[in-house]
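K.L.:
All chains should be modelled from the sequences, with the hints used to inform the complete structure.
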Amino acid sequence: MNRSYFSAITLAVAALAAGNAMAADASAAKTREQVKAELAEAIRTGDFVVNSETHQKANELNPGLYPAKSAAQGKTREQVKAELAEALRTGDFVVNGETHQKANEVNPGLYPAKSAAQGKTREQVKAELVEALRTGNIMADGETGLKLNQLYPQRYNRNI
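Numbered by mature numbering (1 follows the signal peptide of the UniProt record, and there is no 0), the letters in the sequence shown go through residues -23 to -1, 1 to 137 in order.
Just so you know, these hints were derived from the structure itself, not from any lab. Source: prediction; values computed, not measured. Worth double-checking, as some hints may not be accurate.
Calculated pairs, DSS-like style, for lysine-lysine (alpha carbon to alpha carbon, straight line, at most 27 Å) [to be verified]: (1) K7 with K46; (2) K91 with K79; (3) K13 with K46; (4) K124 with K97.
P.N.:
Shown next as structure tokens:
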């Protein structure tokens, strides 16, 4: 392939990619007031990069000049103790750091069995199948991922 054709194709692909990126940004565009408000908040809290090599922010370099970030509310001591007691009772804690197996997986006989979620009855499943067949809400094939009512909309009345 000629070098000039290759350069032209490369340029066209780059322009197309840039156009798609700009279109994506335009859909999430902010108003001028939103940008100004974000800038004012960043300046107030020091949440802007001042060192491009280390990517440190102003509030990291000079923490005394900016208000402290509010810490997320943690759990109380009693809540943590209750969670630990429950984990010890059910065996829901890691005993093998390499395989990440929990105690109730290594020795299931020592801990109460986990309750299984209640499933649907046979009649409920049959009723769902009949409804899906009637409305065409079944996968047509695995290739396209489309449902029958999408492939053949004329066969299925959407008002039902």
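K.L.:
Run every hint past the structure and note whether it holds.
P.N.:
Verification of the hints:
1. For the proposed pair K7 and K46, the alpha carbon gap of about 25 Å is at most 27 Å, so the pair holds.
2. Note on K91 and K79: the hinted pairing holds, with a Cα-Cα distance of about 13 Å set against a maximum of 27 Å.
3. Restraint check: the Cα-Cα separation between K13 and K46 comes to about 21 Å, which is no more than 27 Å; the hinted pair holds.
4. For the hint linking K124 to K97, the alpha-carbon distance of about 23 Å falls within 27 Å, and the restraint holds.
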